[in-house]
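Protein chains in written order, with this note's numbering: chain V, 6 to 483; chain S, 173 to 320; chain Y, 19 to 449.
Just so you know, the hints here were simulated from the structure itself, not pulled from any lab data.
Beta carbons: idealized from backbone N, C-alpha and C, even for Gly.
Hints are supplied without guarantee of correctness; some may be wrong.
Some chain Y residues close to chain S (C-beta under 7 Å, calculated; not the full set) [claimed, not checked]:
id	residue
1	A39
2	L46
3	A47
4	L88
5	L92
6	S137
List of simulated lysine to aspartate or glutamate pairs, EDC-like, C-alpha gap at most 20 Å [as the list claims (entries may be wrong)]:
id	chain 1	residue 1	chain 2	residue 2
7	V	K398	V	E327
8	V	K101	Y	E335
9	V	K207	Y	D303
10	V	K101	Y	D303
11	V	K101	Y	D307
The following residues of chain S were derived to be distant from chain Y, with all beta-carbon distances above 10 Å [claimed, not checked]:
id	residue
12	E210
13	T227
14	A252
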Amino acid sequence: MSRTIAANIRRLTLVIAVAFLVTSIGVGYWSLVAADDLNADPFNPRLIAAVRDRPRGRIVDASGRVLAASVRDADSYRRRYTDRSLAEVVGYASFKYGASGVEAAYQGSLIGQDPSDLVGQWRARYLGVRTEPGSVVIGIDPKIQQAAVTALAGRRGAIVALDPKTGRILASVSLPNYEANLLVDPAQQDTAWDQLNRNTDKPLINRVAQGLYPPGSTMKIITAAAALENGVNPDQKIRVDDPYQADRSWGDYFVRSSSGAHGDFDMSLAFQRSENIYFAKLGLTIGGAKLAEYAKRFGIGRVPAVDLPAAKGQLSNSGQLERPTLVADTSYGQGELLTSPLQMALVAATVGNHGVAVQPHYVMEIRDPSGGVLRTIGGGAADQVIRADTAAKLTALLVAAVEAPGAFAFGARIPGVHVAGKTGTAENPSGSPHGWFVGFAPAEDPQIAVAVIIENAGQGGVDAAPVGGAVMRAALGK
Amino acid sequence: MEITFAVLLWGVRIAFLVLLYLFLIRAFRTLQRSLAEERVTMAARSVGLAVLVVTLSHAGGPRVGERLPLRAVNSVGRDAGNDVVLNDDAASAKHAVVSFADGEWWLEDAGSTNGTLLNGTRVWERERVHYGDQVQVGRIALRLERVQ
Amino acid sequence: MMRSRPVARLHELQLLVWVAALSITGYLAVVAAASGRFAWLELVVPAVALAIFGLLHIFLVSIGFRGDQLLLPLAVGLTAIGFILVERLAPGLLLQQLSWLVIAAGAFCVTILIPRDLSALSRYKYTWALVGLLLLISPLLPVVGREINGARIWVGIRGIAQFEPWELVKIALVIFFAAYLEEHREMLSTPPRRIGPIPVPPLPYLLPIVGMWLVAMLVMVFEKDLGATLLFFGIFLAMLYLATGEPFYVVVGLLLLVGGGFVAYHAFNHVAARVDVWLAPFSSDLRFDTGYQLTQGLFSLANAGLFGAGLGNGMPERIPVVWSDFVFDAFTEEVGFVGALALLALYLVFVYRGMLIALRAPTTFLQLLAAGLSFIIAFQTLVIVGGNAKLIPLTGITLPFVAYGGSSLVTNFMLVGLLLRVSDITARVRR
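Just chain V, same shape as in the assembly:
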């Protein structure tokens, strides 16, 4: 016999020791490496359940209206939510299903462990002594919010309105939404959770930041910005003949004009009539690389620096624009583009804000129990995305797109105010096209920028423009 039992025992012991080492590494992975992610997991109900015996902080809007508060329920505190239109923003805090929205993102502040209060955090973790939570104030303006809710009633889609100068989100509607009170009711939470997760319309998603759609013609703002900064003269006329293809290599592929146009277009007319062939030619003139660069500058394909979960979307499947047909399609907002309403609202806001992009935020400030401001949110780094003179030219073009006779975005007009805006019609595989509107007002000194998406709108962008107009009107008090 070649080996003795003793040698076999030694070898087995070695294997066991190695297995113990591997197991220890596994335990270390979860308890040290993956710990931060898991502790912040929105479905981790530990923090919520940890404080079930005391009230969480309140969530209020800019006017002081209470959106979420804790009410006593037998031996624990349960949340009560007051505004269903903000369900996806405020979120829920369930003992079983974890938290979402502001309830999740500002969990620490809501249970008396605000991240700015290191001592308080330490006391909470190690002594179980929590400071009394104050309130989280979100920037939603109830007047604008109400206008947005009314304007979008009965449809699927999203509206977001924000202050182009500060990034404060003034209104945020995502439909369909859900009844958050059911998710925190022990008697109904399981059936409600089941139904919501089975619903193919995905009511739990905050369409404003997480919904992704082809931007359609609203993308033309970015194409125009790239062209203006790369030596294209907006008054130069470009010949449009429907249908269009650059050369024979496109085969049976053509860019179509939505109005079947034949004629010469300058940039202003192209904006008013939303002329696809004009912008396709523009995109081909400046080239895919420049177009991709400007799309990235405007935040396409990047998660916006917002304080709630947001999707990043994409410029194309590969992130590049290699094929001429893809450059042409992307130039007028189709191709493989995907953007969220929040991203497009930021495009409008950037143009309105003289080319400077601000960081959007839902929450304005955290207050202590006595009402004093603990810290304010927002005011993050602002980027000069395009030159101020480019922004001014774009603004003029977008005003014309609303106000000129025969302009597609006429529905967004407000008497006595110059409105800048652009409609969009997003072809999509799920039925009739989605309608877009992005814009800001007043054009010369914008108070509000909006993005509207209406899913499967009958007439696309033409349906969305009046909705955007209604929201801006409410904001400007007209």
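Based on the hints, put chains S and Y in the right spot on chain V.
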């Protein structure tokens, strides 16, 4: 009061963790010490007088080739209390005695039922054993070997 | 077992003092955290447990036991940690666990008193195999069998006591394998023929082993217990390797395991469910369903950090059935990665010591027996900790000594008793 309690409680918690490690370290030391002690006995054996090498055995008995160390006087038998334990049905509880005296090794039967064989012949009285001789107890055969 | 004059066991005593300190401190922290004050009266339970441990030590001293002095304190230390965790996670089960400890202590003493050199175990190997088989089948019998949590692995009288017979079977299995392999070792390890690199074992000698293993597998399929099946298979492979040193058997065995697992995955829902949960516990359709236990366990680990939340300060009670399936995660959450490492190290020292006893043991049977028993502890620990940390699919195997459960406590103390007996025999032979 509340804070005092919390601090005390944390003291106890930390003490637990510390004690856990102290216990682990003590256990590890004991392991090392027993290893060392066993090595000493092994070493003592290897410099000892002689060994009995198992040359023939059976299931349940010692392994063939195993070296059973000898001291000055060794009881041989089935009982666990013997110096040389031979697990064999044919062996008596106390079977034989192997001893070293006057510079020689001696084998003596201790009143066993089945007898003790030295190089195939039964031992009736104390007999001299040379290195290389075969001793048979029950079904187990042993060879006396000098330790290098 | 030969009785002789009492022998001092100072190392053991010293280690037991540390266990006492550890036990009282941990228990005090848990009770104080729960009640908000230092309730000295509640220390009665750990005191009784410690008294039982002390009696075991006195018992060993009084019979002049000369075996190892490390294993008992380790086993008892782990058991003490188990008591702290039962008080922490399921105080209602504490008295039950204490009565099981009394039975376990009795079983330990009986094992220590097994006459002479344990050769009776090896001589009646087929009896043990039969006993194991009967124990294995017993949960399927109509009157005494019980199905709990979907696994039909219990016998008992409703409301009085339940026992998991497979816990005992694992010891019977090791005894049988040790005896059988010792007898046929030469045949198994020196194959007369080789086809290429593949050794062809003489079938008549392998058949009884494979048969025993097959029966175990089949019964497990009917009793729906993944963990026990895995454990039996592990024991089988380890023993075969120990006896033959032939890696080929291990490779074939592992292939069998993977193949069997694949078949079981497609054939049995309970297996498929376990594997699906393991692969993606956080997926949206499992997260709040069958994956809930594991995700809560992982959240528990995540809450641990380096030094833990402090005893009594975490919230492992959120994990369903935490006291038997997830004690490791619960312990880790409250004492941190640092504490978890110490716990794993204690197991490793235990296993290492057990393997040393095996190395020194005078006969092949005793070597195989001690190594097999040590392997059980190592394997169970690895499988359940691996399951808790999502390294492998979760199984119903218990964390030895620490997890709540009477059957496993009793069996594991018998296991320690057997290991001690082997070391005692060694000490007496090699004085």
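Here is what the structure says about each hint:
1. With a least beta-carbon distance of about 5 Å to chain S, the hint placing A39(Y) at the interface is held under the 7 Å criterion.
2. Hint status for L46(Y): holds, given a least beta-carbon distance of 5 Å to chain S, under 7 Å.
3. With a cut of 7 Å, the hint placing A47(Y) at the interface with chain S holds, because the nearest CB-to-CB distance is about 4 Å.
4. Interface restraint check: L88(Y) against chain S, minimum CB-CB distance 5 Å, threshold 7 Å, status holds.
5. The closest approach between the C-beta of L92(Y) and any C-beta of chain S is roughly 6 Å, which is under the 7 Å cut-off, so the hint is satisfied.
6. This hint holds: S137(Y) has a C-beta 5 Å from the nearest C-beta of chain S, less than the 7 Å allowed.
7. For the hint pairing K398(V) with E327(V), the CA-to-CA distance comes to about 29 Å; that exceeds 20 Å, so the pair is violated.
8. The straight-line distance between the Cα atoms of K101(V) and E335(Y) is roughly 13 Å, inside the 20 Å bound, and the hint therefore holds.
9. The hinted pair formed by K207(V) and D303(Y) meets the criterion: a straight-line CA distance of about 15 Å does not exceed 20 Å.
10. A C-alpha spacing of about 15 Å is found between K101(V) and D303(Y), which places the hinted pair at or below 20 Å, so the restraint holds.
11. For a cut-off of 20 Å, the pair hint linking K101(V) to D307(Y) stands: about 11 Å separates their Cα positions.
12. Non-interface status of E210(S) relative to chain Y is broken: a Cβ of that chain comes within 10 Å, the nearest being about 7 Å off.
13. Chain Y leaves T227(S) outside its interface by the beta-carbon criterion, the shortest separation being 16 Å against a cut-off of 10 Å.
14. With a minimum CB-CB distance of about 5 Å to chain Y, A252(S) fails to clear the 10 Å threshold, and the non-interface call is violated.
The structure fails hints 7, 12 and 14 (numbered hints given earlier, in ascending order).
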